[in-house]
Amino acid sequence: MEILILLLALFVLSLFLGVELITKVPPTLHTPLMSGTNAVSGITLVGALLAAGSDGSPMLVNVLGFIAVTLATINVVGGYLVTNRMLAMFKRK
Amino acid sequence: MEILILLLALFVLSLFLGVELITKVPPTLHTPLMSGTNAVSGITLVGALLAAGSDGSPMLVNVLGFIAVTLATINVVGGYLVTNRMLAMFKRK
Amino acid sequence: MNPNIVNFVYLIAGILFILGIKGLTKPKTAVRGNMLSALGMLLAVVVTLLNINTVDYSYIVAGVVVGGIVGSIMALRIQMTSMPQMVALLNGFGGGASLTIALAEYFTVLGVAPQSFADLVTSLAVDSSAFGVGVEGTIALVAIGLTVLIGAVTLTGSLVAFSKLQELMKKSYGLPGGPIGNGLFLVAALAAVVCMVINPGNLVAMVTIVALALLLGLFLVMPIGGADMPVVIALLNSYSGIAAALAGFVLGNTVLIIAGSLVGTSGLILTQIMCVAMNRSLANVLFGKMAAGGEKIDADEIYAGKVTSAQPEEVAMMLEVAKRVVIVPGYGMAMAQAQHAVRELADAMEARGIEVEYGIHPVAGRMPGHMNVLLAEAEVPYDNLVEMDRINPTFEDTDVVIVIGANDVTNPMAREAEGSPIYGMPILNVDKAKNVVVIKRSLSPGFAGLPNPLFAMDHTLMVYGDGKKAVVEMTTALNQA
Amino acid sequence: MNPNIVNFVYLIAGILFILGIKGLTKPKTAVRGNMLSALGMLLAVVVTLLNINTVDYSYIVAGVVVGGIVGSIMALRIQMTSMPQMVALLNGFGGGASLTIALAEYFTVLGVAPQSFADLVTSLAVDSSAFGVGVEGTIALVAIGLTVLIGAVTLTGSLVAFSKLQELMKKSYGLPGGPIGNGLFLVAALAAVVCMVINPGNLVAMVTIVALALLLGLFLVMPIGGADMPVVIALLNSYSGIAAALAGFVLGNTVLIIAGSLVGTSGLILTQIMCVAMNRSLANVLFGKMAAGGEKIDADEIYAGKVTSAQPEEVAMMLEVAKRVVIVPGYGMAMAQAQHAVRELADAMEARGIEVEYGIHPVAGRMPGHMNVLLAEAEVPYDNLVEMDRINPTFEDTDVVIVIGANDVTNPMAREAEGSPIYGMPILNVDKAKNVVVIKRSLSPGFAGLPNPLFAMDHTLMVYGDGKKAVVEMTTALNQA
Ligand SMILES: NC(=O)c1ccc[n+]([C@@H]2O[C@H](COP(=O)([O-])OP(=O)(O)OC[C@H]3O[C@@H](n4cnc5c(N)ncnc54)[C@H](OP(=O)(O)O)[C@@H]3O)[C@@H](O)[C@H]2O)c1
Ligand SMILES: NC(=O)c1ccc[n+]([C@@H]2O[C@H](COP(=O)([O-])OP(=O)(O)OC[C@H]3O[C@@H](n4cnc5c(N)ncnc54)[C@H](OP(=O)(O)O)[C@@H]3O)[C@@H](O)[C@H]2O)c1
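So the sequence lines, in the order shown, correspond to chains A, B, C and D.
This note's numbering applies: residue -7 is where the first sequence begins, and numbers increase by one.
This note's numbering applies: residue -7 is where the second sequence begins, and numbers increase by one.
This note's numbering applies: residue 47 is where the third sequence begins, and numbers increase by one.
This note's numbering applies: residue 47 is where the fourth sequence begins, and numbers increase by one.
One chain only, chain A, in its complex shape:
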């Protein structure tokens, strides 16, 4: 339960930090921000890997895991690449 309080504290602080940081992002970069945070939300890939790699579970679990890994990887790879493409355009000048 003490851990729960700490996790809660971490959550609250992350929210505060999120607000401070995101409000500083200029409108020019709002589209890359959207695709970039979209890629970050692909952190669920971590959970997907655990599911796809679990031994001794019913096959269904591994199949679901495979689907999850595929979708999450698309999200992550696609998100970072497309964000990078956009941002590189901003950098040229």
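Rather than coming from a laboratory, the hints here were simulated on the basis of the structure.
Hints may contain errors.
Once the Cα atoms are required to be at most 27 Å apart in a straight line, the calculated BS3-like pairs of lysine-lysine come out as [unchecked claim]:
1) Lys16/A - Lys16/B
2) Lys369/D - Lys16/B
3) Lys216/C - Lys16/A
4) Lys369/D - Lys480/D
5) Lys74/C - Lys16/B
6) Lys16/B - Lys74/D
7) Lys72/D - Lys72/C
Simulated coverage check for chain D against chain A, where a stretch passes if three residues somewhere in it have a Cβ under 8 Å from a Cβ of chain A [said to hold, decoys possible]:
8) 56 to 68
9) 297 to 305
Glycine residues also receive a C-beta, built at the ideal position from the N, C-alpha and C atoms.
For chain A, the structure is supplied; the task is to place chains B, C and D with the ligands on it using the hints.
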């Protein structure tokens, strides 16, 4: 040890949040910021109370606790009051 | 691997995500920020892989390879004008991942899985304490249920948003009863979550949650108009962040909490920015249709006999003598893919010593920052892109404003017509300029479905035609002058 | 009381501290922010008191009453001009509190305490595992040792800073050997910490830590010049924050970690802001004397025969015909307590239709924001206080600049004289104005000890005298005109 990682995470996030917030404070308010954070650092009062109120410890502990409570209270009360005095002046206009 | 090291690396990954977003606060540091964020993801993935004790990596490898290839192709092939669709699609995949992960977790703990469709309507006999005893077990089950719910809604909702933006789906369908119908659907899905928590072996409950949530995603988003999709996407993105943070609570994982909260706040803040820029409440975007006030205003009455049209060549003559020109792009520039042509026109003007700036409305186009990305693609320096609040005071000293494919964001009714559905939305005051040139294909309205009195003003010239073609003709004429 | 509730309330307190600092980012919300922060402190204290299981509250009550009375009197009596001293003193008390808390904790766990001075040189026979077994015990002991060290240094260091600012201590004394001597002292203190950790009953080690740390605080701060005290105070404040955060780690207490980190970053950022504004490195402030370049410049050579002085009445005549006047206050305004007089002069000018603004240098006075607080006390609206970067471009259009008690922050050598010790420090370019009036008591230098070529310029008039008196005379003359 898992707790230690969580505390570390909390510490790091607080530092990030601190940087974001403090850099947003305008120069006009730097003096109140200094006295205000000074008051916040009086949070050690919490530790002082525990020391002053510990039963069955050597008398010396209670005496040290008394000194600690006194000093921390000066820090807290003085800090918040003087900050309030300064800020009230800014508010008038 | 030592779990402390794993946790520590996760924390580092979380810090890299923070640094990544910090980088996005300035165009100069943005690319590096994105890379730091990607590095954080890589770290998290690698340490997870090292930490898995499995004999069979085939599913993982297959998933990563397929996902990596599909993701790269999508990212490298997509046109900049289709960015809103791309984000919607990726978001949907993210939702799908959450959904399947939660399901996999569910069956892993159950230890058994249905062998045939018949099994789905039975209740598996399982040890209900498998998920943990007492409060802990309940929390774990609730988290699984909610993740399935949010994931499924995000999946289908994003796919609908994608179809609307890609113009695959044009009509709007909704549940009869609108918000109330949706509310009942949601309540039913939550009831199924409760059943599942009480009896975890109850497969029927789980199947019901999935089915209802998938349908709910469809019904929630289908009635919403295409131009409001960005708001929906930002909101769904925010949900997926919150879902990740929730999962972080269950697993006691720092990086999930940090990443999830960042994504969650980002989505909410973008949603709010868009709503403020449109002067509408979030509830109005999600459930309301645009107010019916539009019908009262008769387009013919506004336009009849007052609209002056011109050829690109005439506009070029006007530009020749101008000192300062502001270009105001909108959704039509994206549709016409005219960003490069616009840049060339600006170059031609600058070569003649004309001062050129771009006036960017916060919700021009179909997602926040949409115009900026397109113009950046055309290599317009971002210093020339001026935000609404800064460009508005300069219109009075502007000789010509070229409005290309923008409509609602220049509509003076937002300023003046109190009953109008867009009344109160801050706009670009292009009508204050000495001359206004509007490039669009017709007099048909923009997203808000309203006529635009700007088009009928004395100092406004309409240039009818596809945005790209018209701009190219202007440039040619100007260069020959 | 349920420890979960206690921890939860501590978290709420931490959030209130965050909201408090967030409030300080805008003058309008600052008062409320400070109150939220104070509320957080109250919550933390109350929940701690409720959670203490003690029969004897007398020490607590006594401490709170004495501390509360002393603190209130100090806060309500102090003059705004003495704010730097006040902060230094409060900071010292904070350090003293940390020191005594760590000592109390130490003796509590030992369970025995020395009964006489003779005991201090003995080693108490104690169970060395009292502080915890293995790594945990070591961490706890190290934390105690470091807190004692940092607390004691903060205590004496802040008291020295106070004495210097209050001008009780004017000379600078240091350890022979300067930084190296201090370094040796620090190493010795750390060695004592190690001894204490190895044998916790070793009272000699503890006494040594306390003694060395107290001396170190003295020796570290005594050599530093009075005007550099704000940097020292900010740094010491930052230390006390870090110490609190460290304590939070040991106790697993969220509010200590959050509050400590906020204070720590605040101190460091203010330190950095000051150093940047003075164009000096932190190391230079702490260990360096001002570069010796000052000697090369002969004050007489600069001033001889070129300084024009004037009476307040003559200045008033000049002001009568001015359109725009900028007032540049410095440390001398604080010394002369002239802020109200300055405000009245500005009122008199504004009554005549003259545009008046204040140019505020980031390190004018003796602490960051010093001038702002003084002028706010005199009810100058904060919109009239203009920061350096914004006021500098306006000097060319300014008819008269009134420099009152400022010196270094207007010294053109910082811009032009490459060898000068203040070369590179950004300054207020008052010399670009059409006329400059400097009010000070003599030609003696400011903190940096340098002559100021501004005083010898053709368009500069020196008004010798106490700041307040001179300004009052100007106002009187202007009102009679
Ligand atoms: N950006 C966001 O984040 C966001 C989010 C939510 C909602 N929205 C909404 O989206 C709207 C954006 O305003 P807007 O002014 O950019 O767009 P708009 O009001 O939707 O108008 C776009 C105009 O472009 C013209 N057009 C379309 N294709 C064209 C082509 N190939 N060549 C030339 N013109 C073409 C259309 O007129 P013709 O058919 O006559 O050519 C149309 O009137 C606002 O109502 C806003 O509230 C934006
Ligand atoms: N603000 C901060 O945070 C901070 C921090 C660290 C260091 N510092 C340093 O402090 C200095 C601040 O510059 P500054 O221009 O404000 O002050 P300054 O350079 O120290 O000059 C103050 C001037 O005020 C005059 N003065 C003193 N008492 C007076 C009175 N009663 N009436 C009229 N004049 C009086 C003095 O000249 P007379 O004796 O001739 O009257 C003196 O030259 C800078 O060197 C800065 O680097 C500031």
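Checked hints:
no.: 1; hint: Lys16/A - Lys16/B; in the structure: 11 Å, holds
no.: 2; hint: Lys369/D - Lys16/B; in the structure: 34 Å, violated
no.: 3; hint: Lys216/C - Lys16/A; in the structure: 36 Å, violated
no.: 4; hint: Lys369/D - Lys480/D; in the structure: 11 Å, holds
no.: 5; hint: Lys74/C - Lys16/B; in the structure: 20 Å, holds
no.: 6; hint: Lys16/B - Lys74/D; in the structure: 14 Å, holds
no.: 7; hint: Lys72/D - Lys72/C; in the structure: 23 Å, holds
no.: 8; hint: 56 to 68; in the structure: holds (count 4)
no.: 9; hint: 297 to 305; in the structure: holds (count 3)
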